[in-house]
Amino acid sequence: MSTNPERRGMHDMGGDPDHRWSGPVPRAEHVLAPWEKEVDAIRTLLGRKGLQTADELRLGIESLSGEDYARLSYYERWLRSVVHTMEVKGILKPGAHAAKVAELKARRP
Amino acid sequence: MSARFRPGDRVRVTAERPAISIGRAHIRTPHYVRGQDGMIAEVMGPFRNPEGLATGGDGLPMQVLYRVRFPQPQLWPGYAGPAKDTLEVEIYEHWLEPIHAA
Amino acid sequence: MPHDGHDHHHDHQHDHAPPPDDPSFSSDQALGARALRLLLEEAGVLEPGEVARQIDRMDGITPSMGASVVARAWVDPAFRKRLIETPVAACTEMGIDLQGTHLHVVENTASVHNVIVCTLCSCYPKPLLGIPPDWYKSYEYRARAVIEPRAVLAEFGVAIPDSVEVRVHDSTADLRYLVLPARPQGTEGWSEEKLAAIVTRDSMIGTAIPKA
Chain E
88 MSTNPERRGM HDMGGDPDHR WSGPVPRAEH VLAPWEKEVD AIRTLLGRKG LQTADELRLG
148 IESLSGEDYA RLSYYERWLR SVVHTMEVKG ILKPGAHAAK VAELKARRP
Chain V
50 MSARFRPGDR VRVTAERPAI SIGRAHIRTP HYVRGQDGMI AEVMGPFRNP EGLATGGDGL
110 PMQVLYRVRF PQPQLWPGYA GPAKDTLEVE IYEHWLEPIH AA
Chain L
4 MPHDGHDHHH DHQHDHAPPP DDPSFSSDQA LGARALRLLL EEAGVLEPGE VARQIDRMDG
64 ITPSMGASVV ARAWVDPAFR KRLIETPVAA CTEMGIDLQG THLHVVENTA SVHNVIVCTL
124 CSCYPKPLLG IPPDWYKSYE YRARAVIEPR AVLAEFGVAI PDSVEVRVHD STADLRYLVL
184 PARPQGTEGW SEEKLAAIVT RDSMIGTAIP KA
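Chains as they are written, first to last, in the numbering used here: chain E, 88 to 196; chain V, 50 to 151; chain L, 4 to 215.
Isolated chain E (complex conformation):
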């Protein structure tokens, strides 16, 4: 809508305005990996505890760069958004998550 000053986000893809997703709907299904279930569960619990609303989750995902939005898998996008909200709310210190990942990685055999 030319009268609208607000730019359309990449997530707002109904009608395929970017002409990027016109291919067949991919029908392969995968069983969720344990880490995907873990992200799903964490997010559900945070929602239930009032620490991240569904809209905060959504905004965190919508705020990803277009490149990341297209590249990251579903639960990778969730993970990014949850970490972001936790940082904004001061529950996690900025950088704490990356540091913990590095720590776990160093311990990996």
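Careful: at least some of the hints might be erroneous.
[What the hints assert, rightly or not] Simulated crosslink set (DSS-like; lysine-lysine; CA at most 27 Å straight-line):
id, chain 1, residue 1, chain 2, residue 2
1, E, K136, L, K129
2, L, K140, L, K129
3, L, K140, E, K136
4, L, K214, V, K133
5, V, K133, L, K129
Everything labelled a hint here was simulated from the structure, so no lab data went into it. What you are looking at is a predicted structure, and each value in this text was computed from that prediction instead of being measured.
Dock chains V and L against chain E, hints included.
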């Protein structure tokens, strides 16, 4: 809170972002219905405003949520199906304005 | 996944690290998820074992729950009416806790076929049907289901005659949708259990039609 519209009312979806919106943009009204005319299919009652909930706010005041119905050929020029096909979207009241019969 | 730490029978009190030979737990994504859980547990936001319990709870929610609701609506006209008018109460009646979800039921009839999509993200009635299928979350489905629903349905092997209105529901806000499919011909006299077995997940999203 009372609903401004009733089932069957003709409404237009705001094309501009309504002034009531606060904070960083998180909007549940898809671009493809903005500026479009539709009909109230059902009044779903008051809900917290997602535009506030997205940024740590309480989403108050609540907004009445509607299911608004659009004819598909109106939304999509060259729509490939029959003219009777429709689409319904949930839209909050502050995105809707009345259409008065000409 | 014999040692994934999240199967139905594991000891919740013993929230040990999974064995290092499980590739799904050594990927970077898996480390990201585990790091988040550990940090939130350290912060006191999550209790140890709480995530595992939630995973078990979610694993227990499958489309068969929705199918049982549909089958009940097929055999019991009064229940069908309650399901459409007061869906949350109707599910509670069947022992299904929708966990605050505002379920909205749309019924397929001889004149209307309903299809659900969430163009903006992936809204789905998870407490009733479980985790949404990959295709529902795909960008192709989200982008195309609103503008060319009949072409998308055709990819799923569903042909809706032009005499029937296709009604797409874009699940943009607070409602979560269940399609109540039409009971197929040739199922007269079937038990509720037998009927539930033909109600597929996709038929409750609108991309399939139950067959006798």
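Hint-by-hint comparison with the structure:
1. Of the supplied pair hints, the one linking K136(E) and K129(L) holds, its CA atoms being roughly 18 Å apart against a limit of 27 Å.
2. Annotation: proposed proximity of K140(L) to K129(L) holds, straight-line Cα distance about 13 Å (limit 27 Å).
3. Between the alpha carbons of K140(L) and K136(E) the distance comes to roughly 25 Å, so the proposed pair stays at or under 27 Å and holds.
4. Of the supplied pair hints, the one linking K214(L) and K133(V) holds, its CA atoms being roughly 26 Å apart against a limit of 27 Å.
5. Taken as a hint, the K133(V) and K129(L) pair is broken in the structure, with Cα atoms around 31 Å apart against an allowance of 27 Å.
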